[in-house]
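K.L.:
These protein sequence lines are chains G, L, D and W, in that order. Per the working numbering, residue 1 is the first one in the first sequence, and the count goes up by one each step. Per the working numbering, residue 363 is the first one in the second sequence, and the count goes up by one each step. Per the working numbering, residue 740 is the first one in the third sequence, and the count goes up by one each step. Per the working numbering, residue 891 is the first one in the fourth sequence, and the count goes up by one each step.
FYI, nobody ran anything at the bench for these hints, they're computed from the structure. Check each hint, because a few of them may be wrong.
[As the list claims (entries may be wrong)] Restricting the straight-line Cα-Cα distance to at most 27 angstroms, the calculated cross-link-like pairs of lysine-lysine (DSS-like) are:
| # | chain 1 | residue 1 | chain 2 | residue 2 |
| --- | --- | --- | --- | --- |
| 1 | W | 989 | W | 1035 |
| 2 | G | 96 | L | 406 |
| 3 | G | 339 | W | 892 |
| 4 | L | 636 | W | 917 |
| 5 | L | 660 | W | 1010 |
| 6 | L | 716 | L | 406 |
| 7 | D | 879 | L | 423 |
| 8 | W | 903 | L | 636 |
| 9 | W | 917 | L | 510 |
The structure displayed is predicted, hence computed values, not measured ones.
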Amino acid sequence: MAFNIYDFSNLTHTIHVGLQESFSPFMATTLEWVIVGTAYLLFVALFGLLLVYAERKVCAAFQQRLGPMRVGYWGLLQTIADFIKLLMKELIMPRKADRFLYNLAPFIVIIASFLAIAVIPFAPGLQSLDFDIGIFYLTAVSSVGVIGILLAGWSSNNKYSLIGAMRSGAQILSYELSVSLSLLTMIVFAGSMQFSTIVEQQRGAWFIFSGHVPAIIAFIVFLIAGTAETNRGPFDLAEAESELTAGFHTEYSGIKFAFFFLAEYINLFIISAVATTVFLGGWMPLHFGNLESFNHAMDFIPPIVWFFMKVWVVIFIIMWFKWTFPRLRVDQILTLEWKYLLPINLVNILLMALVVLTKFHF
Amino acid sequence: MSEIREIILNSDRLATDEYLVNMGPQHPSTHGVLRMLVRLEGEKVLNIEPHIGYIHSGIEKMCEAISYPQIIHLTDRMDYLSAHMNNEAVALCVEKALQVEVPDRVNYIRTIMDELSRLASHQLWWCVMGMDLGALTTFFYGLRDREKILDIFEETCGARLTVNYNLPGGVMFDIHPNFQKRVKDFVKYFRTKLPEYDQLLSGNVIFRERTSGIGYLSPADAIEYGVTGPSGRASGFSCDLRKHQPYSAYPLVKFNEILDHRCDTLARYEVRIKEMYESLSIIDQLIDNIPEGEYAVKMKGVIKLPEGEFFQRVETARGEFGVFVISDGKKNPYRVKFRSPGFSNLFALNKMAKGHKIADLVAIMSTLDLVIPDIDR
Amino acid sequence: MTNEELIAYLTTSFPQTEVILGSQYVEMTVSEAQYHSVALQLKESKDSSFDYLFCLSGVDYAENMGVICHLESIKHRHAMVLKVRTADRINPSLDTISDIWITAKYHEREIFDLLGIKFNNHTDLRRLFLEDGWGFPLRKDYVDEIRIVER
Amino acid sequence: MKSFIEYIGSIFKGIWTLLIGMKVTGKYFFTPWKNVTQQYPENRDQLVMFERFRGEVIMTHNENNEHLCTGCGICEINCPNGSIEIISKSILTPDGKKKRIIDQHIYHLGMCTFCNLCVKACPTGAIVMGQKFEHAVWDRSLLTKVLNQPGSKIEEGVKE
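This is chain G alone, in the form it adopts within the complex (with noise of 0.2 angstroms):
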């Protein structure tokens, strides 16, 4: 098997190959599925557990504390506690609640988000949905993430839910243009909507260095627009502690909670991966023009290396975020997007299209 850290390709492909070999098309296919699918969720559910516990201790950071300590060291197996205890929960369900929709509803957040992570390019030959429509794909499947939210808060029959949920529904279908519209910006300059394109394109250098204004303006917009999409930070409205308790999962507990909470983690994975694959040049390492050197230096760190870091630098922003504002208001934040983020983002497409049809960037 050949295996090398700088290109998976070879590796999948060895798998792909030795699979056809040894069964029926038809077996080899599901297997592929199933492997997929299994490493998708080891990711997930790993990933997760560790964003939770990146989330505690940035935040006991930002204030003064020291955040979880006990469990393992420097409390590392604190999440890992955490779940089983949410597992071992009991589930709870109000009398009135409906149902069908209750039990449904954080099944349809969690596979939002599955639908979402897979045309996520991690490294060269790491991704498996590679369509030429990529980045339409993942705007339309991350907004059917909002259906759960609303289904919640209708079918568990608490007015705070409600309140939670219908604000939720007008966030994310606002922000959702937003995320859109900065996304559009980049597919104007790159001129494709396929990520591996688009990755491929930032290997002189990455969008947000080669498109100078209207890609940094466009990535300040995708942040906030991604923050107010993953409901958090300041435009954690869907939920609102001090508000409505705990919003549109107030009446979940145990594994259903789980899914809540590990969706929107995902949601936060996926929004820095998207911010990282189109503004931050993909698993690209980082060149500098004509700095040989230097860039043959940058070359030695794996590309997977280079996609996390890059995630993990959007991440913090976006907690960081989270953790200094305070929370904005149901019409502040619609205010925000029809009167700033939207006509920003119109004029910066207008920007970018000049951007290139006179050639002025890099």
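Once you have looked at the hints, place chains L, D and W on chain G.
P.N.:
Quick look at chains L, D and W alone, frame taken from chain G:
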């Protein structure tokens, strides 16, 4: 457009309904066991009806059976964040009734302690206000600074929150030898941290948008509802008893009564922030000049008040606190009434929050700075 | 106004009341029937303008019930005490002053809750702290064998 | 045009205030050695309470197992919550006189509000405030303590 609206409103299938939500008794933003019956239309608040009494402890009834020094320790449990001011009110009331002149040293110590507890209370209010608005980090910064004041209390009074430091005729102990140094260190430290509060919250564009123009309480209403303290002063109601009816060492210090005429949530916020600066300057003026002398007047073993009615008002961190004692000449009072600031302030909430959003209701409640045991007594 | 001026003013304006100088404030005792009109006049009159009711307490005087209002004028910065006693002790009732000072609405509810004084024309006279059916704990003859421990 | 400039200005001003806020939290993030958390059970040895800290009422005994309490009951009168009970007994002194001395000084920690009035009132200084603060027990009855040690007696020369 209006026709469609008409149809929607009149249709049976799309009938809208008012929402009746119980906020509390267990709710993150009520800071205690307060229940508010909120009538909502979507996000809009139509009416708020506070229901109190979940921790009514009958302090006024208890006071009728115990002696005056023992009453002082019960007042700690009412507004626990201004415990020292409450203590002082009872002590001053007894001293006034007995016409006892306390030494200057006692006045100085009491005033410094007052201002320290005012600072501690405002710090806690600040961090909780941030938390209510969703900025969770403020909570830890506020508590970090408050710990330093509580350490000072602990060293001199022996307790951190329910200090019970006052006695009729003086204070319980002399100040600790480290007291002056610690207070000065704290003032120096806190002067560097207060601008941080402004940077983190006061200047923040989201915060200003959230608070300005919200929860209007007109000056006339403030007086009518008896809203005192920083909340009243933000409505332009000049009610600072430290100025108008000075007690202890307040006649000796120079300070400004912070008034604001914007009457909204932001004004109430800024009044408190400015009051913290004023408190620091009051402490600065007093800390180096504490006169030598006795820390308490020798009182009789059993304190009996002459027959009559005695009223003492002090300014706590939340507003005007009054002690009304009716004595029949025995060692227990005949009737004690505590005029607590939170009680009057709470009922102005409906006036202020009507027509705003749920999120604003939380913000307005935060700036009223309610302490529930103070309301329930 | 100083206390002396206030006494002079009050005795001339309200001849049928009893005005004395207490330990701290000027104290005026009115009869049950006058209570509301005197309170209204104290607030509305330009010279007194007692617009701020800072304390309203109910007292059980063993033979009857009393209500004590502490009033302050923000304009003139003078304060006084207005006292009234009910005729009946078992079923005491008084006119409400919550239409004059809004804050009295809640203080009166508290007095009703703890002392059982009924306020006529009060818009929302319900118990405030305690449950329905509880006694009136601040009355001197209140007994509660479980919660009150005599020493 | 003017409103447009104001619009743009408000965006930049808003972002600037947000950045100032982020600077504050960022400063603390990157100076983790300034953290204020205390690891409580681990730092038990370093935790020294202030000498005036009111943790519980204790009765001091000297090396001969003698205390200063005369059993006068002033602390019992001064306690607002009835958390002190004095049980005294009569003994015959060597010179044949009857004398009341303390049998048991019972202290209900669970009812105590640490107001310090008993210590303040004690005429002989027999009871003081202890600095122990870890009072959690499994059974409520353990909170009722007898302050005078078994077999202890009053120190010589304490005035009644």
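K.L.:
Each of the hints needs a verdict: does it hold here or not?
P.N.:
Results of checking the hints against the structure:
no.	hint	result
1	989/W / 1035/W	holds (25 angstroms)
2	96/G / 406/L	holds (26 angstroms)
3	339/G / 892/W	holds (17 angstroms)
4	636/L / 917/W	holds (25 angstroms)
5	660/L / 1010/W	holds (13 angstroms)
6	716/L / 406/L	holds (8 angstroms)
7	879/D / 423/L	holds (10 angstroms)
8	903/W / 636/L	holds (23 angstroms)
9	917/W / 510/L	holds (21 angstroms)
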